[in-house]
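Counting from 725, one number per residue, gives the positions in the sequence shown under this note's numbering.
Honestly, the hints are just simulated from the structure, not real lab data. A couple of the hints might just be wrong.
[As the list claims (entries may be wrong)] The calculated lysine-lysine pairs, modelled on PhoX-like cross-linking and capped at a C-alpha distance of 25 Å, are: (1) 751 x 771; (2) 771 x 749; (3) 739 x 792; (4) 746 x 809.
Computed from a predicted model, the values in this text were never measured in an experiment.
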Amino acid sequence: MSQEDQDRLQGFLEKESVTVSKIRKGKLRQFDIRQQVGELQISQNNKIELIQISHRDKASSKPMEIIKEVFELTDDEVLDARIVKLWSKQAGLSGL
C-alpha cells in the first residue's frame, strides 16, 4: 500500500462519522459507514482486512462501497477487487 492509502485509512479511522449517500430502491439514502466498520487494516501481505458490523434492522453498505469510499477508488478499480467472507454471525447461527 502506498503512503497515500495508509494516510486515507488513518484519516478514516480517526473520524467518528463518515456519511455517504446512495440511491437504493429509487430513494436517496444516507449511511454512516464509519459506524459499520469494526476494524479496518492493511495486512502484512498488503491486503485490506475489514470487519464490518451490521444490524438486522438497519440498512448497511456493501464491503466494497466502504473500501471504495475509504481509499477513493474508481468504479473500474473496484471491479478488480475480490471479497472473501470469512465468518458471519448470522451464518454461524443458522444451524441452530
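Hinted pair, alpha-carbon criterion (25 Å max): residue 739, residue 792. Please report holds or violated. Roughly 17 Å separates the two Cα atoms, so the pair holds.
Measure nothing beyond the straight line between the CA atoms of residue 751 and residue 771; if it is 25 Å or shorter, mark the hint as holding. violated, 34 Å
When you check the alpha-carbon spacing of residue 746 and residue 809, does it fall within 25 Å? holds, 23 Å
Proposed proximity, residue 749 with residue 771 (alpha carbon, max 25 Å): With a Cα-Cα distance of about 32 Å, the restraint between residue 771 and residue 749 is violated, given a limit of 25 Å.
Violated hints for the displayed structure, listed by number in ascending order: 1 and 2.
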